[in-house]
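Sequence lines, in order, name chains A and B. The numbering used here numbers the first residue of the first sequence as 1 and each following residue consecutively. The numbering used here numbers the first residue of the second sequence as 1 and each following residue consecutively.
Just so you know, not all the hints are guaranteed correct.
[Stated by the list, open to error] Below, simulated DSBU-like cross-link-like pairs (lysine-lysine); rule was C-alpha separation at most 30 Å, straight line: (1) B:K61 / A:K234; (2) B:K161 / A:K128; (3) A:K298 / B:K161; (4) A:K183 / A:K231; (5) A:K74 / A:K372; (6) B:K161 / A:K414; (7) A:K197 / B:K61; (8) A:K387 / A:K154; (9) A:K196 / B:K242; (10) A:K412 / B:K242; (11) A:K193 / B:K161; (12) A:K245 / A:K384; (13) A:K426 / A:K414; (14) A:K340 / A:K104; (15) A:K414 / B:K242; (16) A:K372 / A:K384; (17) B:K161 / A:K426; (18) A:K231 / A:K426; (19) B:K242 / A:K245; (20) B:K161 / A:K278; (21) A:K349 / A:K298; (22) B:K161 / A:K304; (23) A:K426 / B:K169; (24) A:K418 / B:K169; (25) B:K169 / A:K278.
These are calculated hints, taken from the structure and not from any lab test. On a predicted model such as this, the values are computed, not experimentally measured, just so you know.
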Amino acid sequence: MNITVTYHTKLLKMAFGSMVASVLVGCTAIGASEPNNTSALPASTKPFDGATITMLMEELSETQYIQDLLPEFKSATGITVQFENVPYGDMYTKLITQLTSGDKQGAYDAVYTDFYWTGEFARSGWIKPLDDQIAADKVDLSGIIPALFDINGKVDGQIYYIPVYPYPMGIVYRTDLGITIPKTMEELAAYAKGLKKSDFFGVAMQGAPTDPVAMEWLNFLYALGGDLYEKDGKTPRVNDAIGQKALSLYIDMIDNAAQTGAAGANLDDASAIFAQGKSAMMVTYITIFSGVFQDPEKSTVVDKWAVAPMPGTGVGNVGAWSFGIPTSSKNPGAAWEFIKWVTSEKVAKARALKGGSPAYTSFFTAPELIAKYPNLPQAYAVLKAGKGLPLITKQQDMVATLGRELSEAVTKRKTPQKALDDLAAKLKELANP
Amino acid sequence: MVARTALHDKHSAARNRIGDVDKGWRFAMPAIVTLAIVDGFPLIFALIASFQRYYLSGADKSHPFVGFTNYSSFVSDPAFTNALVNTIYIALAVVGIELLVGFLIAYLLALPDLGFRGLYLSVFLIPLLLSPVVVGLTWRLILHPDLGILNYLLGLISVSKVAWLGGPKTALASIIAVDVWHETSLVVLILYAGIRALPIEPQEAAAVDGAGPVTILLRIVLPLMRPIILVAFLIRFISAIKTYDLVYIMTKGGPGTSTETLSYLIWRTGLAGPLDIGAAAAGSILLVIVVAGLSWVLLKATEQAETYY
Numbered sequence: 001m002n003i004t005v006t007y008h009t010k011l012l013k014m015a016f017g018s019m020v021a022s023v024l025v026g027c028t029a030i031g032a033s034e035p036n037n038t039s040a041l042p043a044s045t046k047p048f049d050g051a052t053i054t055m056l057m058e059e060l061s062e063t064q065y066i067q068d069l070l071p072e073f074k075s076a077t078g079i080t081v082q083f084e085n086v087p088y089g090d091m092y093t094k095l096i097t098q099l100t101s102g103d104k105q106g107a108y109d110a111v112y113t114d115f116y117w118t119g120e121f122a123r124s125g126w127i128k129p130l131d132d133q134i135a136a137d138k139v140d141l142s143g144i145i146p147a148l149f150d151i152n153g154k155v156d157g158q159i160y161y162i163p164v165y166p167y168p169m170g171i172v173y174r175t176d177l178g179i180t181i182p183k184t185m186e187e188l189a190a191y192a193k194g195l196k197k198s199d200f201f202g203v204a205m206q207g208a209p210t211d212p213v214a215m216e217w218l219n220f221l222y223a224l225g226g227d228l229y230e231k232d233g234k235t236p237r238v239n240d241a242i243g244q245k246a247l248s249l250y251i252d253m254i255d256n257a258a259q260t261g262a263a264g265a266n267l268d269d270a271s272a273i274f275a276q277g278k279s280a281m282m283v284t285y286i287t288i289f290s291g292v293f294q295d296p297e298k299s300t301v302v303d304k305w306a307v308a309p310m311p312g313t314g315v316g317n318v319g320a321w322s323f324g325i326p327t328s329s330k331n332p333g334a335a336w337e338f339i340k341w342v343t344s345e346k347v348a349k350a351r352a353l354k355g356g357s358p359a360y361t362s363f364f365t366a367p368e369l370i371a372k373y374p375n376l377p378q379a380y381a382v383l384k385a386g387k388g389l390p391l392i393t394k395q396q397d398m399v400a401t402l403g404r405e406l407s408e409a410v411t412k413r414k415t416p417q418k419a420l421d422d423l424a425a426k427l428k429e430l431a432n433p
Numbered sequence: 001m002v003a004r005t006a007l008h009d010k011h012s013a014a015r016n017r018i019g020d021v022d023k024g025w026r027f028a029m030p031a032i033v034t035l036a037i038v039d040g041f042p043l044i045f046a047l048i049a050s051f052q053r054y055y056l057s058g059a060d061k062s063h064p065f066v067g068f069t070n071y072s073s074f075v076s077d078p079a080f081t082n083a084l085v086n087t088i089y090i091a092l093a094v095v096g097i098e099l100l101v102g103f104l105i106a107y108l109l110a111l112p113d114l115g116f117r118g119l120y121l122s123v124f125l126i127p128l129l130l131s132p133v134v135v136g137l138t139w140r141l142i143l144h145p146d147l148g149i150l151n152y153l154l155g156l157i158s159v160s161k162v163a164w165l166g167g168p169k170t171a172l173a174s175i176i177a178v179d180v181w182h183e184t185s186l187v188v189l190i191l192y193a194g195i196r197a198l199p200i201e202p203q204e205a206a207a208v209d210g211a212g213p214v215t216i217l218l219r220i221v222l223p224l225m226r227p228i229i230l231v232a233f234l235i236r237f238i239s240a241i242k243t244y245d246l247v248y249i250m251t252k253g254g255p256g257t258s259t260e261t262l263s264y265l266i267w268r269t270g271l272a273g274p275l276d277i278g279a280a281a282a283g284s285i286l287l288v289i290v291v292a293g294l295s296w297v298l299l300k301a302t303e304q305a306e307t308y309y
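Work out the full structure, taking the sequences as your base and the hints as a guide.
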């Protein structure tokens with residue numbers, strides 16, 4: 001018995017000792033890696049030399065354009081940037097799990113934020129406000145399209161994110177087939193149905209839940225003069241007569257004008273159809289496909305396409321991607337250097353020359369860009385007329401519910417009226433917590 | 001309890017019994033501690049969270065106690081009923097088909113004069129080695145309406161393209177079909193082992209008495225196989241109730257919510273929009289209770305099957 005007691009005591013002492021030791025080592029490690037993110041000028045020109053920062057990015061051409069330019073950033077600052085590229089649908093969940101990890105515990109040093117995550121992330125205390133750093137480093141943001149800061153930049157009066165690129169939506173159409181865009185949405189639906197043949201479609205659509213169908217349908221709603229909420233931002237009106245008409249036109253086009261399987265198609269599917277020359281039109285993001293549709297290796301419609309605003313009111317959906325710094329970032333200083341670099345005018349122009357969507361007002365009239373992408377002036381007009389989403393905190397839930405209810409109506413599991421009514425009930429809950 | 005043999009009892013029973021049990025616990029301690037942390041902590045966390053108002057986002061980070069509110073709101077949501085129906089439908093369909101097809105394959109594999117048995121077994125076991133994510137991604141490509149090979153092959157015999165994962169009925173059927181493709185191998189494995197272990201005498205006696213192969217199959221083999229079939233059924237059913245990965249990879253619960261299962265709904269509630277960890281935890285606990293109950297039934301059935309041989 002005595003031997004057992006001594007053995008147990010020894011074991012306990014060893015365990016306790018190693019626990020204390022590991023806690024001490026841990027504290028020292030955290031203390032040592034505390035980055036220098038004060039606003040004082042750094043002593044050397046490469047204060048973060050050797051650092052590596054990671055961020056989650058969308059698997060899309062825009063990301064590739066930035067990736068192509070990263071070696072320049074590394075040679076200028078010594079910072080290695082690692083992109084984790086995933087399909088859009090997987091981003092939100094991956095981000096949430098990292099953003100909630102707590103101070104400096106997250107895997108991502110900067111957060112690439114879509115425009116309907118803006119309010120939720122900021123109001124949950126997950127993002128650092130940037131006003132002080134912008135002032136301290138004298139960052140000039142005046143060249144960026146001002147409206148983008150309302151869509152994805154400022155929350156409750158503070159700047160949390162710097163816009164990277166906007167994505168206005170409208171119509172992309174073929175210019176070599178004698179197509180004219182009608183003046184009203186009803187005429188558009190009839191026109192698109194008329195254009196459909198056995199292997200050629202009037203319109204390439206993306207009816208898959210939840211982001212594709214939600215983004216595409218909002219254009220239908222806005223073009224008819226409708227909206228999700230009344231002006232007070234709290235009373236839903238999505239199920240009024242305009243909403244119902246928008247939904248029935250949408251379902252009509254999915255069934256009778258769009259490609260096979262449109263009800264389950266996402267952005268990649270639909271844009272591939274247009275790029276392969278198999279559809280006359282597409283309601284889509286009019287600035288991000290410049291690089292794809294003009295690339296002879298990826299598209300058969302090079303120089304054969306143009307952009308137009310939605311018929312009716314001409315108002316389309318406008319979104320934007322921005323960068324913010326999470327409170328869970330392990331290296332906010334290096335992350336800030338990256339954000340300043342990637343949103344700077346020089347780098348933004350390089351991205352736009354590759355085919356990226358321009359974020360600076362001046363780019364839409366810059367001669368070298370218009371030479372390559374003649375649709376830019378028209379795209380700018382569409383962007384200016386466009387509308388973003390209400391900045392309620394539960395935006396992601398709002399869009400996901402919108403997408404789900406729309407899909408239920410598109411696949412005939414619910415009548416359009418019921419889908420819109422259920423959606424309105426949920427929208428009311430979300431805007432009035 | 002470790003079985004006590006006669007030899008143990010001969011050598012100073014009292015002292016050795018205490019020593020053996022004590023040593024046994026010490027050897028098992030690392031595994032028990034690991035299981036307690038890895039399994040126990042999330043379970044207890046979920047149990048506590050299920051009684052709290054717990055949202056991941058938002059300015060208010062408090063978690064007040066709310067009693068059974070999460071349970072009642074999770075169960076009264078129409079999405080829950082939809083998911084429950086889908087889950088039971090999928091589970092019964094996949095298990096039913098897998099047992100039928102699996103038994104057929106296992107019976108044919110066990111035929112005495114079958115050549116290349118090793119080759120067949122290896123081929124049939126390949127799906128089992130693949131992870132559900134790989135299976136889901138590969139089949140999603142195969143079933144793609146424009147780029148998928150299935151529609152291409154159908155096109156060769158003049159069948160028009162079908163949007164397999166885009167229509168509500170076809171999406172559910174596709175998920176069931178892919179699960180059957182993936183998991184029949186497991187059923188084949190279990191049933192094949194069972195058929196091989198059957199005593200040959202009753203079958204020979206029946207053949208001598210003039211019974212044909214079908215009669216032998218229906219009247220002798222099947223009844224003898226009942227405990228094994230029950231074990232295969234329960235193992236697959238418990239797994240099918242938790243179907244999540246195929247849904248996430250292939251349809252994301254769509255179109256609409258036609259392929260949403262309980263596990264997927266729990267995930268969606270907690271991490272994909274509502275960020276309502278309280279309700280998701282409540283749903284998880286309910287699922288745990290159901291699965292635990294079924295596992296207890298499985299345990300009893302396994303014991304019965306063991307004593308049979």
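Evaluated hints:
1. B:K61 / A:K234: holds (23 Å)
2. B:K161 / A:K128: Between K161 (chain B) and K128 (chain A) the Cα gap is close to 50 Å, so the pair fails against 30 Å, i.e. violated.
3. A:K298 / B:K161: Satisfied, since the Cα-Cα distance of roughly 24 Å is no more than 30 Å.
4. A:K183 / A:K231: Distance ~26 Å between K183 (chain A) and K231 (chain A) Cα, so the pair holds.
5. A:K74 / A:K372: The given pair, whose Cα atoms are some 28 Å apart, holds under the 30 Å limit.
6. B:K161 / A:K414: Holds, because 25 Å separates the two Cα atoms, which is no more than 30 Å.
7. A:K197 / B:K61: violated (56 Å)
8. A:K387 / A:K154: Since the Cα atoms of K387 (chain A) and K154 (chain A) sit roughly 16 Å apart, the hinted pair holds (cutoff 30 Å).
9. A:K196 / B:K242: With a Cα-Cα distance of about 43 Å, the restraint between K196 (chain A) and K242 (chain B) is violated, given a limit of 30 Å.
10. A:K412 / B:K242: Holds. K412 (chain A) to K242 (chain B) sits at ~27 Å (cutoff 30 Å).
11. A:K193 / B:K161: Status holds; Cα separation ~19 Å.
12. A:K245 / A:K384: Holds. K245 (chain A) to K384 (chain A) sits at ~25 Å (cutoff 30 Å).
13. A:K426 / A:K414: Since the Cα atoms of K426 (chain A) and K414 (chain A) sit roughly 16 Å apart, the hinted pair holds (cutoff 30 Å).
14. A:K340 / A:K104: Given that 30 Å is the threshold and the Cα spacing comes to 21 Å, the pair holds.
15. A:K414 / B:K242: holds (26 Å)
16. A:K372 / A:K384: holds (22 Å)
17. B:K161 / A:K426: Roughly 36 Å between the alpha carbons, so the hint for K161 (chain B) and K426 (chain A) is violated.
18. A:K231 / A:K426: The hint holds at about 18 Å.
19. B:K242 / A:K245: Answer violated: K242 (chain B) to K245 (chain A) is near 40 Å, above 30 Å.
20. B:K161 / A:K278: holds (16 Å)
21. A:K349 / A:K298: Given that 30 Å is the threshold and the Cα spacing comes to 23 Å, the pair holds.
22. B:K161 / A:K304: With a Cα-Cα distance of about 28 Å, the restraint between K161 (chain B) and K304 (chain A) holds, given a limit of 30 Å.
23. A:K426 / B:K169: holds (26 Å)
24. A:K418 / B:K169: At roughly 20 Å apart (the allowed maximum being 30 Å), K169 (chain B) and K418 (chain A) satisfy the hint.
25. B:K169 / A:K278: holds (27 Å)
In summary, the numbered hints that this structure violates are 2, 7, 9, 17, 19.
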